[in-house]
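Please arrange chain R on chain D, whose structure you already have, making use of the hints.
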Amino acid sequence: MRNLLALSRVIDAFNEKFAVIANWLVLLSCLISAGNAFSRYAFSLSSNAWLEIQWYMFGAMILLGASYTLKKNEHVRVDIVYGHLSTRTQIWIDILGGILFLLPATIIIAWLAWPMFHNSYVQHEMSGNAGGLLRWPIKIMIPIGFWLLSLQGVSEIIKRIAMLTGHLPADVHYERPLQ
Amino acid sequence: MTRELMAPLMFGGLVVFMLIGYPVAFSLAAVGLFFGFWGIELGFFQIELLQALPERVFGIISNDLLLAIPFFTFMGAILERCGLAEDMLDSMGQLFGPVRGGLAYAVIIVGAILGAITGTVAASVIAMGMISLPIMMRYGYDMRLSTGVIAASGTITQLIPPSLVLVVLADQLGRSVGDMYAGAIGPSIVQILLFCAYIAVLSIMKPLAMPAVPLEARTLKGWPLIRKCLWGMIPSIVLIFLVLGTILMGLATPTEGGAMGAVGAIVLAVLHHKEFSRRGKIAAWVALAAITLLAIPAICVWQDAWMPAPLVAAGGAFLRVAQTPLFIVFYAALTVLLLEATFIVELRGLIREACGSTMRISAMVIFILVGSTVFGLVFRGVDGDLWIEHLLTSLPGGVTGFLIFVNVFVFFLAFFLDYFEIAFIIIPLLAPVATKLGIDLIWFGVLLGANMQTSFMHPPFGFALFYLRGVAPKEVKSSDIYWGAIPWVVLQLILVGILIFFPGLVTSFVNTGPTGTPSTIELQMDEQRNTAPDAEGKTEDDRAAADLEKAIREGK
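The listed protein sequences correspond, in order, to chains D and R.
Just so you know, the first sequence maps onto residues -18 to 160 in our numbering.
Just so you know, the second sequence maps onto residues 46 to 601 in our numbering.
What the hints contain is simulated information worked out from the structure, not anything from laboratory work.
Note that this is a predicted model, so its numbers are computed, not measured.
Each residue gets a CB set at the ideal place from its N, CA and C atoms; glycine is no exception.
Worth double-checking, as some hints may not be accurate.
What the hints assert, rightly or not - Chain D regions said to be covered by chain R (calculated; three or more residues, Cβ under 8 angstroms):
1) -7 to 5
2) 51 to 62
3) 113 to 124
For reference, chain D alone in the conformation it holds in the complex:
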């Protein structure tokens, strides 16, 4: 158990690093997008590369940030039944959900997404827009993001099992995210 928990801590720390990058991408993409709009108003200047970098950042933000969101237990649930269950049952739902729902889905998507990146990389695929960007840097984000999410899923399962066996204090506090 101790080794598993150490692994879980390494995964958590790893994904937290990516979350910091994702946080900065929020601010950066805001400033770039506003800058794009402003430069078009004032000088009628617009560049496809700058327009595309906006959603490159958006994609990276989402895909790198999803695993940390999972760690913070902020992926929204339907809590009409879940909210009334005992902590132990909630932990069991999280363990089984992680093994049966999360891991198969993320691993399959990550695995299916690799050829898409690989083709794009081999063919030096470019954006269809004049002056657009190379496509593979964003396409590789999909397998990376889903692998990170799978890792975080493993870490969450380890932590839930440790809660059941008493190695960790049982804390499955869930609060519906703000909107």
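Below, chain R alone, put in the same frame as chain D:
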């Protein structure tokens, strides 16, 4: 096992998997993949169907429109904590207080203004619950009335553009966000009037529930009060123009509008901070002057249909000469203000926190979309769309029957699901049927948007009530909050009824004229960038994926 049974089974599986309580995004994906592999096993379709998945995920992240989600969320996260709402509530409360029911009117008006600036409910409800609720209690307002009006006025944010619900609905229905926003203006006004009318009627029927605040309670009078009101309003109106005005005029895409709004929100936070320096003040006035000089002729040119011709010509000429220099002045002032934000420690922390919560909310929302995409792909693979279409078109009552059914359905779903879950899971199933019945999708979307307001107000799970519970003083009983919400849910449903029978309220605001409408701008942008959505809201990638899907289906 027949193919016809798969779709109903899959739908049942969706309900069961979601009720278990594991995060929706992954439950959805799991249902999709489970039935996907089962379908392949039974020979209903080939493995190629699932190989379309990564392309779909790529289609989601390359969708420019969804980029508006983090921007509007960020904007809300900043405004939530910068003190703007508090200032406005304070001054408005003093202005309207001495009228019977005045504090309630103030809450409705501030809720509407906040709704026009940002797209998130949490900000308005929390601010009003913290500021207005104690004041209303102190002056003897009925508890249920106070909590109800606060929750409902905060929720109206979801209907008033620039609301996130409308962005998500526009995306799912494949319509332009600008049109959706324009269509929501009429209903928003009607909703505000309905709320005010309800207060007015109650103030006559139950005057004791909402006493007038004694005049002596005013700490500000005359000019200082008016100045405080204006100081709260003017920057907000500038921000509304910057975001909503530019989107409606077709100058900016909703994404750019959101980004400018986010920058604007940081500036507003600077303006409202007490450590705001003299240099910043000068910069703010310069920026205000520049943007006013730009906005007035721009509005003349935009509304050229009914403006006097010389004014339009003069406005156009002025813009041609002065546009670039004025913009440069404006940007320079803006940069000074943004730099100011980085000097104030408290604001730096605020921005960092806002980035974090924005990232997590965006990831959560987009992953639901990813999950529902996996589900939808397989569901269409087993002809689930045809099944739903068959069910819904055979309803009695034709179009009205369909609309009433859909609205009742969404109303009850809203007890369990949040608006984006409804938008991502249910709307893609309903949209093709609505199109087939000849329903205007803008009207349909705004109608559903109005209906989804109730998802925030349903006791006991409604979000607005939940936030209010979090900030309300201890004397407020939960049962007061729940009972207080009910009349307002009824008012929201009245709006839905009005919209069903008077579609003109939505459609007449949608600008179909030839000059400068959002749709023409988007068409021009389409030519520049083929990843922009076409008239049906589909990108090239979407179409390629749809073609692939069709080919697989036909070759089944």
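Coverage assertion for the segment 51 to 62 of chain D with respect to chain R, Cβ distance below 8 angstroms, three residues required
holds (count 10)
Do three or more residues from the segment 113 to 124 of chain D put their C-beta atoms closer than 8 angstroms to C-beta atoms of chain R?
holds (count 4)
Residue count check for the segment -7 to 5 of chain D against chain R: does it reach three with CB-CB under 8 angstroms?
holds (count 4)
In summary, this structure violates none of the numbered hints.
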